[in-house]
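Starting from the structure of chain A, add chains B and C where the hints point.
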Amino acid sequence: MIRDVLLVARKDLRLEWRSRVGVGQVLPFALLCVLLFAFALDVDRGVLQEATSGLFWVVVLFATVLVVQRAFAIEADDGVLDALRLSGLAPSAVYLGKVVAITVELLALEVVLWLAVAVLYDTTLRGWGLLAATVVLATLGAAAAGATYGVVGLRLRGAETLLPLLLLPLLAPVLIGATSASDVALGRSAGPGWPWAAMLGIFSGVYLLLGSVLFRPLMEDP
Amino acid sequence: MTIDPTPVAPVAPPVDVSPSGRRPAPTSTSSRATRILGALSLAGIVALAVFGLAITPPDAQLGETIRILYMHVPTVSAAYVAFIVTAVGSVLYLWKRSEFWDLLAASSAEVGVLFFALTIFNGMLWGKITWGVFWRWEPRLTTTTVLFLTYLGYLAVRRIPTSVRTRATVSAVIGILAVVNIPITHKAVDWWRGLHQEKTIFGTVDPEMQGTQLFTAYLGLTVFLLLFAWLVIHRFRLAWLTERAEERSLDDAIAARRAEGVEEVAP
Amino acid sequence: MSTTGYIAAAWVGTFAAVGAYAVWILRRGRRASELVPEEERRWM
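From first to last, the protein sequence lines are chains A, B and C. All residue numbers for the first sequence refer to the working numbering, where the first residue is 23 and numbers rise by one. All residue numbers for the second sequence refer to the working numbering, where the first residue is 27 and numbers rise by one. All residue numbers for the third sequence refer to the working numbering, where the first residue is 310 and numbers rise by one.
So here's chain A without its partners, still in its complex pose:
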């Protein structure tokens, strides 16, 4: 099982590495968002510093939509889904493999994005333990929900434009939890941060479980 998960994840990451879509398209888009927020919000009044974690996580959610779309677009070519179905891999292994791949890609993006935010928004990164836990758990949760919806978009041709509407409301708790926890980690708000991280962990667990179960009907249905 774990071997299969890693097999799928490695396949996706290798494809990703070769095509450079993440590095060449999604990451520049995310950096662009960081820039656009600066234009939209007054740079001289400290709004950006105040809102750093919120803006950061909004960008991550947008990037999640793109990465999920990409992760399943590579399966959309004729017969790849059938090949996966016939490969003998358990649907849940395919699902978890996708989640791992999406998580790794997003984590890489987030590291760069944090650095960009630290420089451009003049934010001092601290609270490393909480920040790292938040980043990992929020990303895992977004990937877990995202991968389930990604295959929905794959089954329904023409549903690509629908993915943001389906995915983003579902990720509202992730945005709330991740923003609040990051605010605490960065010292922008008092109050305990770890309950938020725990909520993100529960979110991830619930959607990982649901995704593993529901991927089978999504994949195997003719």
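The set of hints was computed from the structure by calculation and includes no laboratory data. For every residue, glycine included, the Cβ atom is placed at its ideal position computed from N, Cα and C. Any given hint could be a false lead.
Claimed, not checked - Some chain B residues judged to face chain C by a derived CB distance under 10 Å, without partners named:
(1) 50
(2) 51
(3) 59
(4) 62
(5) 75
(6) 89
(7) 261
(8) 270
(9) 271
Relative to chain A, chains B and C alone:
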């Protein structure tokens, strides 16, 4: 929903008896059951208006605005019932693979979305009186709006042309994910607003309510659950008829193609 | 608008919306039942 195959005793006058000797099939989505349900709902609405607008006194704290909550609270409760029905229909569809559960889930979701829209509408009017503005980031109202958008997505998925089976499977999955999201969003938004808690009695029947106020609150709940049942039955039958009509037009199209083919070959 | 006005708007708006939706599905139901043979619409 299957059709009762047993002949019905001709209670209607003989003129109405169709050639098959049975009572004629209804030419709409109405049946005796829905007519009774509809009449009950209507009577309930009248009673609710009398109690909610005239008989009940203004609330000690909320004043006259409690009259909006007589609309707001039952619509949100009925909407949650609707989404639970959708989730149950979705699970049973994935299990039994029967059209009935798929169409029930879809019909229930549509009615639920309507009720959610009304909840938000009434909540905003209540807010305008109480806070002076239409919108505050009140937790219940915020949660409702996020979930409203979630279920708009569900309905949008159902409108994408695809095979009946794929549509049913995909929307069943979304129906399940969306219902799991309800408590999570609830909790997250509650915590998010935890520091700025505003006084509100949104979303539940206030435990301190008494007498005619309490009665009116439960009357409202009953009326909207009856309305929900009536709407869902009609919406389900409409969905059922639409599926049958589409099958028929497809059959006709295939038959027409075949006929063309025969003509081409015949000479 | 007065408090009474908002309360009236809530009640009228709510039942107008439910009524409009009901009329909409009932009319579509009538139209759809013309396209379907009799044995497909014998409701329980």
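To see whether the hints hold, each was checked on the structure:
1. Hint status for residue 50/B relative to chain C: holds, with the closest Cβ pair at about 7 Å, below 10 Å.
2. Because the smallest distance between the Cβ of residue 51/B and any Cβ of chain C comes to about 4 Å, under 10 Å, the interface hint for this residue holds.
3. Against a cut-off of 10 Å between C-beta atoms, the interface hint on residue 59/B holds, since the closest Cβ of chain C lies about 7 Å away.
4. The criterion of a C-beta within 10 Å of any C-beta in chain C is not met by residue 62/B, whose closest approach is roughly 13 Å, and the hint is violated.
5. Interface restraint check for residue 75/B: the shortest CB-CB distance to chain C comes to about 7 Å, inside 10 Å, so the restraint holds.
6. Nearest Cβ of chain C to the Cβ of residue 89/B: about 8 Å, under the 10 Å cut. The hint holds.
7. Checking residue 261/B against chain C by beta carbon gives a least distance of about 5 Å; that is within 10 Å, so the hint holds.
8. Hint status for residue 270/B: holds, given a least beta-carbon distance of 5 Å to chain C, under 10 Å.
9. Checking residue 271/B against chain C: minimum C-beta separation of about 4 Å stays under 10 Å; hint holds.
Checked against the numbered hints given earlier, the structure breaks only hint 4 and satisfies all the rest.
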